[in-house]
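Residue numbers (this note's numbering), protein chains in the order written: chain C, 1 to 90; chain X, 1 to 116; chain H, 1 to 462; chain D, 1 to 131.
Derived contacts from chain X toward chain H, CB cut-off under 8 Å, selection only: (1) V19; (2) M25; (3) K28; (4) T36; (5) L42; (6) I46; (7) I84; (8) A92; (9) I95; (10) L98; (11) A99; (12) G102.
Just so you know, the hints here were simulated from the structure itself, not pulled from any lab data.
Given the structure is predicted, the values throughout are model-derived calculations rather than measurements.
Built from N, CA and C at the ideal position, the CB exists for glycine as well.
Now for the letters of each chain:
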Amino acid sequence: MKGILFFACLVVFGSLLLYVFLTPSFASWKNKQVASYYIEKGLEKTGSANLVSSIVWDFRGFDTVGEETVLFTAAVGVFTIVVFGLKRRK
Amino acid sequence: MLEIYAGMVLVALIGIYCVVRKKNMIKKVIGLGVLTNSVHLLLITIGFQENGIPPIVTPTNIEYFVRYAVDPLPQALVLTSIVIQLSVTALALGIVILAYRGTKTLDMEKLNNLRG
Amino acid sequence: MLLILFSATFLVLVLRRDEIAVAAILFSFFSVCYMLLNPDIMVVRFGGWLPPFGIVWVLDKFNLFFALIVTGVSSFVAVYSLKYIKERRYRFYTLLCLQTIGLLGISLTGDIFNLYVFFEILSVSSYALVAFFLDKRAIEGAFKYLIAGSLTSTFILIGIGMLYGLTGTLNFADLASKVSLASPYIVALGLMIAGFSLKATIIPFHAWKPDAIEGTPAPVGAVFTTASTAIGVYGILRILFIFNLIQLNWVLILFGVFTMLVGAFMALAQVNVKRMLAYSGISQIGYVVMASGFGTLLGLTAGMYHLFNNAILKSILFMGAGIAIYVTGKDNLNGMGMRNTPLMVCMGIGLLSLSGIPPLNGFVSKWLIFMASWEISPVLTALAIIASAITLAYSFKIFSAIFLTTERVEKDVPKILLIPVVILTIICVLIGVFPQIGMNIVEPAANALLNHSQYITAVMGG
Amino acid sequence: MDIIIRTVVKGLFPFIVLFGVYILFHGHLTPGGSFPGGIIIASGIALLMLSFGLSKAERTIKEKTAHMTEAFAALLLVSIVLFETFVRSVLRPTGTIFELWSAQQILFLNVTGGVMVSMAVILILFLLMKE
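With the rest of the complex left out, here is chain C (with noise of 0.2 Å):
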């Protein structure tokens, strides 16, 4: 029983997606005027030829570093918990 109601949940919930999805407006061209910006400006406002990388370090570079510090977060959080742990089963 709990399973098929998690099913049904499960079945609501993609076909809500889908929908989302297959709205005509969703993700057509015409709406990225951002996208665009990058396209047409980003190789002269910062000089570098691939542009997901002028993204990931000049735009939108607070975000980066947001993800190395999550990265870092992560490295101390196994250290705390790895290394403390195994030293005191023994």
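Using the hints provided, position chains X, H and D relative to the given structure of chain C.
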């Protein structure tokens, strides 16, 4: 386009099923990975374009670059998101290792002693 | 400010000195206080790019109000933990600094993907903090929290992807002009709200909270029940109001009432102190969400005022209970008896204030909530009063279990553990006697949330 | 482990690291950048760990070194990005566009970020392998 989105939704549903219903802790972590990857697929698909070329300027494609280049922003988002997923998975595996050492089992039900 | 916080994090790790972390968190607290004095909306552009293309941080009154709660709680906790955490303290402070960065980033950012990144910093550091004690309960709580948290943050990511696909921009202010009430947008925003409800512990998403808190150190529990729930409420309110989804407010009221009552009843049934306080926090969040759901200025002010008071009170209670755990070494309600007059006074005031006894700050905000709900429907007022009565019942249970049992431990309490609790209690009484102090902070914040056109022009125009 | 695997890994390891460094330094011209480059370097170390065991990998790069390098690289990164306008005035994009010496800021950030990513991943691998 329908096939790609339907595939993405299917993968996402498999991931959610795996996270919620499986009892094994490693399988739950794998389910999280599957779910996140399906979202990455979605993000990449948003940038899709017919006859698109990669958003990297080279001397040969500089004339028609602006017209055909795909959207570079979702790719940058996916790059960020992958790193986040990597770190969450690492932390999850660390916790699973400790749980396994404590109880010698990977079963969520046997670990479960906090209730109410 | 952020640079100092960041560098303090790394310095703490390298030099193993905890005082740096405390100083950095206190510094960020005072700089947020200083920025609250500035009447204008400040916009920080990272890298100098204009808003829809680069990332901005927006410092308006509403954002700064949450930043104030977050940094305030973190700084009290940082002082308190100098003594409470006995081993691996520099690791603890590294993680605490990172958590503060995450909380601050969420509350101040004006970019939707930046919000997600900081949300993950907050989540990852709090998973590690939950597992900090490394015993069986901590590990289990951390794993449950990790699974639930990652699942819902994936929902937030899906929501962000949808919004990007529908509008082609990631900036809050830019999105606000493009999002309408068509159904695809509602699905996307609903996914994001579901993600934030997990942090805010609204009732269908609450299950991880008591489990996670039972195993954590008590000061971290204080951060969880105050700062992270405040951040969750921030996310929900920001999304609802900037995108003009006020027609959906009945959902908030419904969930709020449900959360309030169920949380209070569950708290009554607990035997573990931290677990009981966790459920109590859930119940108080119910008040906040219900009052914010009214959509009126009075309701919003009342809800945010209650959030502010809840932050103070829950910090007092968690830290006080932490002292009891520190002294007696148990966290079960039977057998926590101890004797210490200042602590008894502080905890007593905190518990009375939580259940809304007149001359204290809990009364002020609860009275505002009752007034606001009376305008909507008297039934809601009655329900809120019932939940308040239950609060009084479990407050008495905690108080008698700690201070009124026959077998008590006589032991000195370290001074540094008492200082934050006493300061917070003084603030609590002060706000209760002069409610205008808190009002001066809360009312501009509620106004700023309602007049979001100012926010949009500040970010986009000029 | 098997002698074949050991020999192959011994031959392959410098090239993997070299390839990673190449990707780091060409992040602004070709696909790739800090994260793929860092991961490739870390995967070289992972190969060493799997075939030779932890002690040999420890001889190549110490756990503590990885930790400290990571912390300092992260600090550097944060300070660069927070003072981005200032840095941009110092490291002005000079040089022709499709050559290696262009977009200095992005080049520099890519390399720093790559060092940080590789060290973090190496550290996490070390810790999880110790179990």
